[in-house]
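Student: Listed below, chain by chain, are the residues.
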Amino acid sequence: MVEAASFRGDFPILQRRIHGQPLAYLDSAATTQKPRAVIEALTVFYEQHNANVHRGVYTLSEEASALYESARAKVARHLGADSPRSIVFTRGTTEALNLVAAGWAGSRLRPGDEIVATEVEHHSNLIPWQMAARHTGASLRLARLGADQTLDVGHLLSLIGPRTRLVAVSLTSNVLGTVTPLGEIVARAHAVGARVVVDAAQAAAHLRFDVRALDCDFLAVSGHKLYGPTGIGALYGKPDCLEEVEPVQGGGGMIEWVEAQTARWGPLPARLEAGTPSVADAHALGAALDYLRPRMEEALRHEQRLTAYALERLLAVPGLTLFGPKKPVLRAGVFAFNLPGVHPHDAAELLDGQGVALRAGHHCCQPLMRRLGVTATLRASLAIYSSTEDVDRLVAGLSTVRAALAS
Amino acid sequence: MSQDLYRATVLEHSRHPQNTGRVAHPTHQARAANPLCGDELEVTLRLTGQHVEQVRVAVRGCVISQASASLMSVIVQGHRADEARRWAGQWRSALEGEADLPPDLESLRPLLELRNHRSRTGCALLAWVALERALGQT
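Protein sequences appear in the order of chains A and B.
Count along the first sequence from 1, add 1083, and you get the number used in the working numbering.
Count along the second sequence from 1, add 82, and you get the number used in the working numbering.
Don't read these hints as lab results, they were simulated from the structure.
Keep in mind that the hints are not guaranteed to be accurate.
[What the hints assert, rightly or not] Covered stretches of chain A, as calculated for chain B (at least 3 residues, CB under 8 Å): (1) 1322-1330; (2) 1414-1427.
[Stated by the list, open to error] So these bits of chain A aren't anywhere near chain B, every CB distance computed over 10 Å: (3) Thr1126; (4) Glu1130; (5) Ser1190; (6) Asp1235; (7) Gly1349; (8) Arg1396; (9) His1445.
Keep in mind that this is a model prediction, so the values were computed, not measured.
Cβ coordinates follow ideal geometry from the N, Cα and C atoms, glycine included.
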C-alpha cells in the first residue's frame, strides 16, 4: 500500500466535500491543486507589496519588481536554466508555444521549410504550428503513434531532414502518460540545423529534468500544473534562440526608446513581456516552486509508487481498456481509459456524484483520439497529494458505473 | 531612500557637470536611453589610436544620470579604450552587487548606494552603457 503522503494536509481544497463525499481529485493533469503557501503568497502580495513593476522608484514598486524577478530566478533554477534572462513569463504553456510559433517561426520560416511535430501532441503544441505553417507556407509533418500506443520515435527521426527548421514535441503526454526520449530527437534536429521546442506542461511537476541536459532550444511550462496559480507560465529559451524571437505584442515595458513612427526594442526578457505582467501570479508561482523543490524527491517517489498501484488496480477492472503502455516504468501518473459500452461523460458524471473528480473528453488531443479509435476517454491523473484511497474510490466508483450503464 | 545618495559629490557633479556637450568631429559616438523614465544621453569620443583623447556627454536626465555621466567622463578621459571597457563592466558588476568597487572607480562610490535601489541602477549605468556602445564601434 502507498500511504497518502504528508503533503495532503498542505492543500486546503482537499478538505472539501462534493455531493456529501470527500473529494477524490484525480484531474491534476488538467490543473493541480494549490498548497496553502501559494494561496497565502497571493494574499500577502496584494496586502503588502502590490504595485506595478519596473516603473516606480518608490519602495512598493521596488518590492514588487524584486518579487517578480525573484520568481523568474526560481523558474530558471527549477528548469535548470543558466540565467533568469532565459525565462520569459507568459500566461501559460499555450501562450509560450504561440510566442515561438508567431515570433520565431512566423518571421523565419519560408515556403518549403518543414515543421515536425507529432500526432500525440496536445492541441496547444499542434495548432500554433498549423497556424505558423499556414502563415509562412511551410509544411507541417506529424510523427505517428506506434502500434504499442507510444510515439513512434523512429518515424519522428525519419521526418527530420534538411528542410526541417523546427521540431515541436511534448516531454510527457497528457493522455498516454509516456515520457518522450528527447536525446536522439534533439541531436538529430540540431544536426540539420533545426530548433527544438519542448512542451513540458505535463512534465514540469512530475519529472526531474534540466534544460541544459535536454539541450532543447525552447521549453514551455504552465504554473497552474506546477501547484502555482492560473494565468502564469514561462517560456525558456537559449539566449541566442530568444534573440531570434520577434515580439508579437507591443506595448509598455518592452521598449528602449519610442519615436512617433518607430521604436527600438528593450533587452530580453522584457522585450517579450509587453504590458503589465501577472506579478502576483508570478510571485505565487515562485512560492509553488519553493514548496515543491525540497519535496520533489519524495513527491516523485510517492507518485511512482502510486502510479504502479493505480495501474495494477485499473488493469484489474473487468473490461477496462487502458490506452498507452501498461508498464509503470514507462509512464507518468496519467491514465486514459474507457469502460465498454459506457460513454466517458456519463461515467464522469456518475463518479462526480461520489466525489471522484476526473476528466472525460478528448483532452485537447483529437488527432490522438482518432488514432486510438475513440472520440473521448476517461482520464485519471495523479499529483503530490494523491492517495491510494483516491485510486480505490475511483475503482469502486467504476464498478458502480458499470453496473448502472454497461449494456 | 537615503539622503546619502544626494551627498555633496553627486550634487556637485550634477550642478556642474564635467565634459558636457559634444566632441567636435567625434571618432566614436552612441546614445543610450533609460526606458523606465525616458532619460537619454549621447556619448561622443575622439580616439587617437587606442587612446580616449576626449569625452563629451550630452545628458537629459536626473541628478544621478548627470552625475554618473560627469564622473564617467573624468575617469575615462585620457585612458585607453580597453581600460574604459573594463571599467564599464566592473561598474555594472559593482552596481549589481556581484563585485567590489575597484580602486580606479573610487570616485563612483557615492553612487554605489543604488545597489539597494534597483529602479535607479539604470540611471547610474546609462553613461557607461553609451560608452560601451560607442567603443563597440572600433
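Student: Hints first: check each against the structure and report whether it holds.
Tutor: Going through the hints against the structure:
Counting residues of the stretch 1322-1330 of chain A whose beta-carbon sits less than 8 Å from any beta-carbon of chain B gives 0, not enough to reach three: the coverage restraint is violated. With 0 residues bearing a CB less than 8 Å from a CB of chain B, the stretch 1414-1427 of chain A misses the requirement of three and the coverage assertion fails. No beta-carbon of chain B is positioned within 10 Å of the beta-carbon of Thr1126 of chain A; the least distance is around 24 Å. Look at Glu1130 of chain A: its CB is around 22 Å from the nearest CB on chain B, clear of 10 Å, so calling it non-interface holds up.
Annotated as non-interface, Ser1190 of chain A keeps its C-beta farther than 10 Å from every C-beta of chain B; the closest such distance is 23 Å. The beta carbon of Asp1235 of chain A sits about 48 Å from the closest Cβ of chain B, which is more than 10 Å, so the claim that it is off the interface holds. For Gly1349 of chain A, the condition that its CB be more than 10 Å from all CB atoms of chain B is violated, with the nearest at approximately 5 Å. The claim that Arg1396 of chain A is not at the interface with chain B holds, since no C-beta of that chain comes within 10 Å of its own (minimum 53 Å).
With a least beta-carbon separation of about 44 Å from chain B, His1445 of chain A lies farther than 10 Å from that chain, consistent with its non-interface assignment.
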